[in-house]
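Note that the protein sequences, when read in sequence, are chains A and B.
Start counting the first sequence at 1; every next residue gets the next number (the UniProt record's numbering).
Start counting the second sequence at 1; every next residue gets the next number (the UniProt record's numbering).
Hints may be right or wrong, so weigh each one.
[As the list claims (entries may be wrong)] With the Cβ distance kept under 7 Å, some of the chain A side facing chain B (calculated, not the full set): (1) Q7; (2) I9; (3) A10; (4) M73; (5) I76; (6) D77; (7) L80; (8) Y83; (9) W87.
[As the list claims (entries may be wrong)] Some residues of chain A that are not near chain B, with every Cβ distance over 12 Å (derived): (10) F35; (11) D36; (12) T37; (13) R39; (14) Q40; (15) A41; (16) S43; (17) K44; (18) K47; (19) T50; (20) E53.
Rather than coming from a laboratory, the hints here were simulated on the basis of the structure.
Glycine is no exception: its CB is placed at the ideal position from the N, C-alpha and C atoms.
Protein chains: 2
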Amino acid sequence: MRRDVFQAIADPTRRAIIALIAIQAMTPNALAAHFDTTRQAVSKHLKILTECELVQQEQQGRAIYYSLQIEKMKEIDVWLSQYRKIWETRFNQLDNVLVTLKNQKI
Amino acid sequence: MRRDVFQAIADPTRRAIIALIAIQAMTPNALAAHFDTTRQAVSKHLKILTECELVQQEQQGRAIYYSLQIEKMKEIDVWLSQYRKIWETRFNQLDNVLVTLKNQKI
DNA sequence: TATATATGAAACTAATTGGTTGCAAATATA
DNA sequence: TATATTTGCAACCAATTAGTTTCATATATA
Chain A
1 MRRDVFQAIA DPTRRAIIAL IAIQAMTPNA LAAHFDTTRQ AVSKHLKILT ECELVQQEQQ
61 GRAIYYSLQI EKMKEIDVWL SQYRKIWETR FNQLDNVLVT LKNQKI
Chain B
1 MRRDVFQAIA DPTRRAIIAL IAIQAMTPNA LAAHFDTTRQ AVSKHLKILT ECELVQQEQQ
61 GRAIYYSLQI EKMKEIDVWL SQYRKIWETR FNQLDNVLVT LKNQKI
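All chains should be built: construct the whole structure from the sequences, respecting the hints.
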């Protein structure tokens with residue numbers, strides 16, 4: 001099963017979940033209250049986010065608190081940085097950027 | 001039909017296409033030669049990338065050259081920047097804040 | 001202990017996705 | 001003009017996805 005960060009952030013509900021738990025850890029029930037969907041649907045999104053290591057969970061009694069694993073977000077930043085180089089240096093060092101990109105593959 | 005940048009970059013083939021046309025404009029045929037798939041499949045990916053304005057096309061005779069619309073990539077950067085702030089500030093301190101919040105029972 | 005609450009997981013459904021084959025239109029070339 | 005090339009588009013298919021309903025388990029509380 002393909003589970004990478006890019007596929008995880010493709011869904012708008014999952015991006016909203018990420019935004020919420022970036023501020024503070026939340027339970028599936030508390031998260032579901034923020035959306036027009038069921039607790040089970042949120043739970044499935046949390047499972048996907050967990051599988052690609054974007055969130056971590058901590059059990060407290062019968063409640064499970066989910067929080068954002070911010071380190072994993074850097075993966076997106078690393079991928080994006082090659083393109084950031086392009087728009088930041090478009091008019092001066094374009095040649096160098098192209099060489100870097102070509103050697104990096106995907 | 002939902003067509004946003006996040007959904008567009010979710011597919012690995014599309015990310016590979018983006019990487020290729022970031023270097024130089026290419027035709028669907030030339031792109032398809034880089035992948036183990038048909039020209040039509042690449043064409044569908046290009047259509048999706050066009051719909052969310054990640055690529056632009058330029059007709060030259062019967063050939064159509066596709067290139068990356070780098071400006072649109074900034075949209076991802078804008079979204080990511082809120083999280084970049086989190087990992088760039090000292091996040092030992094931030095972790096403490098989150099734990100404190102969590103223990104306060106939301 | 002009995003009941004309520006919080007959660008994950010399984011089975012199912014509808015919609016979407018990535019891919020295919022086939023075809024028509026437009027352009028280049030013999 | 002006749003033929004080959006380049007492309008987009010439509011129809012179709014298999015796999016995946018997002019969501020629902022239902023159920024079992026674990027924990028808190030009366």
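These are the hints, each one checked on the structure:
{"no.": "1", "hint": "Q7", "result": "holds, 5 Å"}
{"no.": "2", "hint": "I9", "result": "holds, 6 Å"}
{"no.": "3", "hint": "A10", "result": "holds, 4 Å"}
{"no.": "4", "hint": "M73", "result": "holds, 5 Å"}
{"no.": "5", "hint": "I76", "result": "holds, 6 Å"}
{"no.": "6", "hint": "D77", "result": "holds, 6 Å"}
{"no.": "7", "hint": "L80", "result": "holds, 6 Å"}
{"no.": "8", "hint": "Y83", "result": "holds, 5 Å"}
{"no.": "9", "hint": "W87", "result": "holds, 5 Å"}
{"no.": "10", "hint": "F35", "result": "holds, 16 Å"}
{"no.": "11", "hint": "D36", "result": "holds, 16 Å"}
{"no.": "12", "hint": "T37", "result": "holds, 16 Å"}
{"no.": "13", "hint": "R39", "result": "holds, 16 Å"}
{"no.": "14", "hint": "Q40", "result": "holds, 21 Å"}
{"no.": "15", "hint": "A41", "result": "holds, 17 Å"}
{"no.": "16", "hint": "S43", "result": "holds, 18 Å"}
{"no.": "17", "hint": "K44", "result": "holds, 17 Å"}
{"no.": "18", "hint": "K47", "result": "holds, 17 Å"}
{"no.": "19", "hint": "T50", "result": "holds, 17 Å"}
{"no.": "20", "hint": "E53", "result": "holds, 15 Å"}
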